[in-house]
Amino acid sequence: MRPKADAVNALNWPDYEGSMPLPSIVRPRGDSKARLAARLHEAFETAKHRQTV
Amino acid sequence: MFIPVLHSVPGKFTIHSDGGRTSVTIPLTTREDDDVQVALDVRLWRAYWHGVAMHEFKFAIVVRDAVTDEIAEIFDRNAAADYIAPVRRLVLPCVCSAAKALVETVRPDVIYRATYLTRPPPDTLSKHRIITDTIVELGYQVLRDGTDPHGRRFWLMAKSGDR
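So the protein lines, in turn, are chains W and Y. Heads up, the first sequence is in our numbering, so the first residue is 1 and it goes up one at a time. Heads up, the second sequence is in our numbering, so the first residue is 1 and it goes up one at a time.
Simulated from the structure, these hints should not be mistaken for laboratory data. Treat the hints with caution; some may be incorrect.
Taking CB as the label site, the calculated pair distances span [claimed, not checked]:
no., chain 1, residue 1, chain 2, residue 2, range
1, Y, GLU137, W, ALA38, 25 to 33 angstroms
2, Y, ASP123, W, LYS48, 33 to 41 angstroms
3, Y, PRO121, W, LYS48, 18 to 26 angstroms
4, Y, ALA81, W, LYS48, 34 to 42 angstroms
5, Y, ASP34, W, ARG35, 20 to 28 angstroms
6, Y, THR68, W, ARG35, 12 to 20 angstroms
7, Y, ASP76, W, ALA34, 22 to 30 angstroms
The calculated lysine-lysine pairs, modelled on BS3-like cross-linking and capped at a C-alpha distance of 25 angstroms, are [said to hold, decoys possible]:
no., chain 1, residue 1, chain 2, residue 2
8, Y, LYS159, Y, LYS12
9, W, LYS33, Y, LYS58
10, Y, LYS127, Y, LYS159
11, Y, LYS100, Y, LYS159
12, Y, LYS58, Y, LYS100
13, W, LYS48, Y, LYS12
Some chain Y residues judged to face chain W by a derived CB distance under 7 angstroms, without partners named [stated by the list, open to error]:
no., residue
14, VAL5
15, LYS12
16, HIS16
17, THR25
18, GLN37
19, ALA39
20, ALA66
21, VAL67
Just so it is clear, CB atoms sit at the ideal spot from N, CA and C, and this is done for glycine as well.
Given these sequences and hints, build the entire structure.
Following this line, the structure appears as structure tokens:
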């Protein structure tokens with residue numbers, strides 16, 4: 001994979017303007033509900049702790 | 001009825017990083033009975049666009065029902081409105097502050113961002129202009145922007161001097 005911005009510039013844009021970006025973007029597999037729930041739980045616990053200190 | 005948990009924009013954030021998924025989660029409100037929690041989740045996640053490695057910036061309102069343990073991710077501001085009503089004025093400043101923290105931590109070469117809405121009304125774009133300006137302040141410039149075939153506005157930003 002090409003990590004640099006010049007790799008973006010190197011794309012032949014006219015080829016892509018008509019097809020971007022939904023079919024073309026490849027994301028990591030979605031956040032699992034468990035991970036998201038854990039982040040949420042930690043954030044609220046931290047906020048609760050701040051309120052009581 | 002939702003009551004605020006957030007009273008001001010946090011000065012610092014806990015940054016979670018997991019396999020290229022870097023996120024900040026900020027508690028916003030809870031329902032009066034405490035059975036529903038609402039948070040802002042700001043993300044800078046590694047992605048590939050036409051084979052080019054980049055990071056996608058996005059944010060969502062996350063709603064957790066503590067009774068059923070179900071979680072919903074809301075990207076539509078109208079759908080989120082009731083959940084965030086008491087802290088609405090803080091949401092965009094929090095998105096920008098979290099964006100700063102995430103970008104300064106990850107320092108990605110290229111950042112991709114798109115509107116959730118197709119054919120977004122002009123008033124929703126002002127929010128995106130503020131986010132773009134925030135990222136510009138961090139040493140990035142807009143490499144490409146436009147409207148995709150689905151009618152979504154998109155921005156590709158790269159480190160200044162990396163064109």
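Checklist entry - Hint numbers the structure violates, sorted upward? => result 3, 4, 15, 20, 21
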